[in-house]
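Q: These are the residues of each chain, in order.
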Amino acid sequence: MASGPRRTLGRVAGLDESWGGCVRLNLGFKDRGRLLPSVRNLVVELCSECLDSNERAQQLVLAVQELVENLVKYSDGGRSALDFELLQLDGQPCARIRTSNRASATRLGDASAMLDRIIAAPEPVALMHALVAASGDREGSRLGLARLRAEVGLELRYGVEGDRLEIEARCAVQPRGGS
Amino acid sequence: MTLALGDVRGEVFSTRSELHNQRLRVVLTGCLDMETAPDLERFLADATRLLTSEGVRDVEFEIAGLYLMSSSSISITAAWIKRLKGVAPSCRVKFKTNPNLAWQRRTLESIRRVAESMVSVA
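Sequence lines, in order, name chains A and B.
Going by my numbering, the letters in the first sequence line up with residues 1 to 179, in that order.
Going by my numbering, the letters in the second sequence line up with residues 1 to 122, in that order.
Bound conformation, chain A alone (with noise of 0.2 Å):
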């Protein structure tokens, strides 16, 4: 079914109902990566209005980023959907990101083993270190999943339902103004 994006940009009240935003995305990735630009915009309006410091909304942005780019290159078939919020969890301001997708068994096999060794990872950015020094060796390296503990320092969750990846990256952020 070939359909375009539904595309939000609005607050989301958190616990002092005046801070925060989300940035929402169902796709049919019948335009795959031409979709790129647009929704890095997004992330960089949202990001420039809400955050303090212009450092992390540029490591938000590159998480969103290999977030989608893991959405189009592995997604089979369906609606796959990406939300990027800011938001206050347990009182404590929060960017948070999930994707949800359709894959193939074997991707599916693929990404939680990648996904428990970047969560287990002691030491994350020699990880990625690794993933780089390895590059042009095998097809689908997930090396951009590495770089969101790793660059980023986003805290990770996965869960498998069915033929559904659902990944979760979050981390604390520090709002505008200190607010």
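Honestly, the hints are just simulated from the structure, not real lab data.
Every residue gets a Cβ at the ideal spot worked out from N, C-alpha and C, and that includes glycine.
The reader is advised that the hints may include incorrect statements.
To list a few chain A residues with every Cβ distance to chain B over 10 Å, as calculated [as the list claims (entries may be wrong)]: (1) 37; (2) 90; (3) 98; (4) 136; (5) 163; (6) 171; (7) 172.
Looking from chain B toward chain A, a few residues come up when the C-beta cut is under 7 Å (computed) [what the hints assert, rightly or not]: (8) 34; (9) 35; (10) 103; (11) 110; (12) 112; (13) 114.
Sample of chain B residues lacking proximity to chain A, with all beta carbon distances greater than 12 Å (derived) [unchecked claim]: (14) 18; (15) 25; (16) 26; (17) 42; (18) 77; (19) 78; (20) 90.
Based on the hints, put chain B in the right spot on chain A.
A: Frame of chain A, contents of chain B only:
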């Protein structure tokens, strides 16, 4: 001297290259995502041919205006460095980063480690 090196002239990503005294300087501008990564790959393949045919000793990538480099392009760049070690081992590669884009140094550190004696990041 401006080269016929097949510079990339896309809206999202572009290159501008110059060769002078066996020194190749390349300005990378824009965003390297999975859509523009193949352009980088073609450009680097062209650059390899130039390096070997012209005996280039130094390559400098000026990336102050490169705002994003996703994993697709990291892999392509690292694989290119690995090939370069084989075909032009005396060549030196330098990346000039933008201090306002902190991700650049983090990302390029991984690439530098692929060939520490060949690659530097400033």
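Q: Now, for every hint given, state plainly whether the structure supports it.
A: To see whether the hints hold, each was checked on the structure:
The claim that residue 37 of chain A lies off the interface is violated: its Cβ sits roughly 6 Å from the closest Cβ of chain B, which falls inside the 10 Å cut-off. For residue 90 of chain A, the non-interface assignment is confirmed: its Cβ lies about 28 Å from the closest Cβ of chain B, beyond the 10 Å cut-off. Against the 10 Å criterion, residue 98 of chain A stays outside the reach of chain B, whose nearest CB is about 19 Å from its own CB. Look at residue 136 of chain A: its CB is around 3 Å from the nearest CB on chain B, not clear of 10 Å, so calling it non-interface is violated.
At the 10 Å boundary, the C-beta of residue 163 of chain A stays outside the reach of chain B, the nearest C-beta of that chain being 23 Å off. Every C-beta of chain B lies more than 10 Å from that of residue 171 of chain A, the closest at about 15 Å, which supports listing it as non-interface. Against chain B, the non-interface label of residue 172 of chain A holds: every CB pair exceeds 10 Å, the least being about 17 Å. A least Cβ separation of about 5 Å between residue 34 of chain B and chain A falls short of the 7 Å threshold, and the interface hint therefore holds.
The beta carbon of residue 35 of chain B is positioned within 7 Å of a beta carbon in chain A (closest approach about 4 Å), and the interface hint is therefore held. With a least beta-carbon distance of about 5 Å to chain A, the hint placing residue 103 of chain B at the interface is held under the 7 Å criterion. Because the closest C-beta pair between residue 110 of chain B and chain A is about 4 Å apart, less than 7 Å, the hint holds. Of the supplied interface hints, the one on residue 112 of chain B is violated, with its beta-carbon coming no nearer than about 10 Å to a beta-carbon of chain A, more than 7 Å.
Checking residue 114 of chain B against chain A by beta carbon gives a least distance of about 6 Å; that is within 7 Å, so the hint holds. Under the 12 Å C-beta cut-off, the non-interface status given to residue 18 of chain B relative to chain A holds; the minimum distance is some 27 Å. Listed as outside the interface, residue 25 of chain B is consistent with that label: its C-beta sits roughly 24 Å from the nearest C-beta of chain A, beyond the 12 Å cut-off. Distance to chain A confirms residue 26 of chain B as a non-interface residue, since its nearest Cβ pair spans about 20 Å, more than 12 Å.
With a least beta-carbon separation of about 16 Å from chain A, residue 42 of chain B lies farther than 12 Å from that chain, consistent with its non-interface assignment. Its beta-carbon lying about 8 Å from the closest one in chain A, residue 77 of chain B breaks the requirement of being farther than 12 Å from that chain. Distance check on residue 78 of chain B: its Cβ comes as close as 4 Å (rounded) to a Cβ of chain A, failing to clear the 12 Å threshold; non-interface status is violated. For residue 90 of chain B, the non-interface assignment is confirmed: its Cβ lies about 21 Å from the closest Cβ of chain A, beyond the 12 Å cut-off.
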